[in-house]
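Enquirer: Take each chain as given, in its own frame, and dock them per the hints.
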Amino acid sequence: GAVVSQHPSRVICKSGTSVKIECRSLDFQATTMFWYRQFPKQSLMLMATSNEGSKATYEQGVEKDKFLINHASLTLSTLTVTSAHPEDSSFYICSARARGAQETQYFGPGTRLLVL
Amino acid sequence: GQSLEQPSEVTAVEGAIVQINCTYQTSGFYGLSWYQQHDGGAPTFLSYNGLDGLEETGRFSSFLSRSDSYGYLLLQELQMKDSASYFCAVYMTTDSWGKLQFGAGTQVVVTP
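Protein sequence lines, in the order shown, are assigned to chains A and B.
The numbering used here applies: residue 1 is where the first sequence begins, and numbers increase by one.
The numbering used here applies: residue 1001 is where the second sequence begins, and numbers increase by one.
If you are wondering where the hints come from, they were derived from the structure by calculation, not from laboratory data.
Fair warning: there could be bad hints in the mix.
[Unchecked claim] Over 12 Å on every C-beta distance to chain A, these chain B residues come out as not near it, computed from the model:
id	residue
1	T1011
2	A1012
3	V1018
4	Q1019
5	F1063
6	L1078
7	Q1079
8	D1082
9	S1083
10	V1110
11	T1111
[As the list claims (entries may be wrong)] Output of the computed footprint for chain A on chain B, the stretches with three or more beta carbons under 8 Å from beta carbons of chain A:
id	region
12	1028–1037
13	1042–1051
14	1098–1106
Please read these numbers as outputs of a predicted model, since none were measured by experiment.
Where is the CB? At the ideal position from N, CA and C, for every residue including glycine.
Just chain B, with the same shape it has in the complex (with noise of 0.2 Å):
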């Protein structure tokens, strides 16, 4: 079957460092995917990893292991904006459109 793991919550203080795991299995696996949902809103792209390794945005960076079938999440210089719900997604190609397969998503906590 398809599944994607990730830990409910993690709480952290201001300007600390978080890394978010996950792992999958899944079929027609393309890349990792990882979105910041706010409550309320609308999820917002951060990153994806179409090879194994690390892609760096700013204070946000993903990686991926192919061979592991895993990946993360690494929050620096945490912000109390950054308290959100994070979701890695599996974008798989299992028919002509490709699709995105959601994780259960992992609830952030910024405290002073």
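Bound-form chain A, shown alone (with noise of 0.2 Å):
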């Protein structure tokens, strides 16, 4: 099945520090990914949609220079967190799409992100 890696799984840093997330699709070359935002026992916001070659498109308040979205190749996309604060704290989770399968995404195991 199709497999996606989230790096690192859990990041502590120290708050006007910048934090990189990886997220790779494992198996299967990613289109498009996404990158969500998840606070405990809340849904998922999708804060930007990457696709490879091209700019993120960003959701509504979502600052894109607060978080900055790279899609390097159909199997890698990061997303850093600039200048972080306590209020970035949450879980990041990023999700990827195959070609010819728009309907469904596959997750990765999420990065739980603590700013001090």
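Expert: Okay, here's the thing in structure tokens:
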């Protein structure tokens, strides 16, 4: 089946530092990758859509300079939380969609970010 | 505006049947998906309905009525491992890429 990995799984950092999260599709080429944020006991909120070779499309209210997304290849997308603050602490999840399977997204295991 | 409604919590005993309803109001509707998420884990894909009717996958079935903007997920022969959050998600094609909008989730609690 389609496998998506994320790294790191958990990160603790000091306020003001930047954190990079990697999302990889391991056994398929992901034409599109998505980045979500989830607070405890809440739903997944789409942050941005990332397509290989083009700029990411951000959802309303998401700061593109705060959350930098790079989709370097058909198997790798990165999310960088710049100058992280405690309010950025959350569960960040990526998903990937393969060509020809537009309706199905395969999710990574998530990255739990804690900013002190 | 865009909205999805699903119950916040359902409790049932092992072996029972649970139906989780989802009503939606969105533009660019293309289909309805269901995802399962255990505490601390990633969402996993359960089913997708692009057309009206029932889709069956083992113990889980999903239904869609586009005219009623309504769907449901049916969990049969409940097992303890089915305790999790279940999200309905509308697949929308408001832009060229298509994206999912998730409901708030239904916490299913299975008791012995």
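Enquirer: Are there at least three residues in the region 1098–1106 of chain B whose beta carbon sits under 8 Å from a beta carbon of chain A?
Expert: Satisfied; 8 residues make the cut.
Enquirer: Per the stated criterion, does the least C-beta distance between Q1079 (chain B) and chain A lie above 12 Å, as a non-interface residue requires?
Expert: 21 Å, holds
Enquirer: Given as covered by chain A, does the region 1042–1051 of chain B meet the bar of three residues or more with CB within less than 8 Å?
Expert: Three-residue rule met by the region 1042–1051 of chain B, so holds; n is 6.
Enquirer: Quick one: work out the minimum CB distance from L1078 (chain B) to chain A and report holds if it exceeds 12 Å, violated otherwise.
Expert: For L1078 (chain B), whose nearest Cβ neighbour in chain A is about 22 Å away, the distance exceeds 12 Å, so it holds.
Enquirer: Please verify that the nearest CB of chain A lies beyond 12 Å from T1111 (chain B)'s CB.
Expert: 20 Å, holds
Enquirer: Does V1018 (chain B) really sit off the interface, with its C-beta more than 12 Å from all C-beta atoms of chain A?
Expert: Holds, because the least Cβ-Cβ distance between V1018 (chain B) and chain A comes to about 19 Å, which exceeds 12 Å.
Enquirer: Does the no-contact call for Q1019 (chain B) survive, Cβ to all of chain A over 12 Å?
Expert: Since the minimum Cβ distance to chain A is about 20 Å, Q1019 (chain B) lies beyond 12 Å and the statement holds.
Enquirer: When you look at the beta carbon of D1082 (chain B), is every beta carbon of chain A farther off than 12 Å?
Expert: 18 Å, holds
Enquirer: Go check the region 1028–1037 of chain B versus chain A for me, would you? Three or more residues, Cβ under 8 Å, otherwise it fails.
Expert: holds (count 4)
Enquirer: Would the non-interface assignment of T1011 (chain B) survive a Cβ cutoff of 12 Å against chain A?
Expert: 16 Å, holds
Enquirer: Take a quick look at S1083 (chain B) and tell me if its Cβ sits farther than 12 Å from every Cβ on chain A, holds or violated.
Expert: 14 Å, holds
Enquirer: Check the non-interface label on A1012 (chain B): least C-beta distance to chain A beyond 12 Å or not.
Expert: 20 Å, holds
In this structure, every one of the numbered hints holds.
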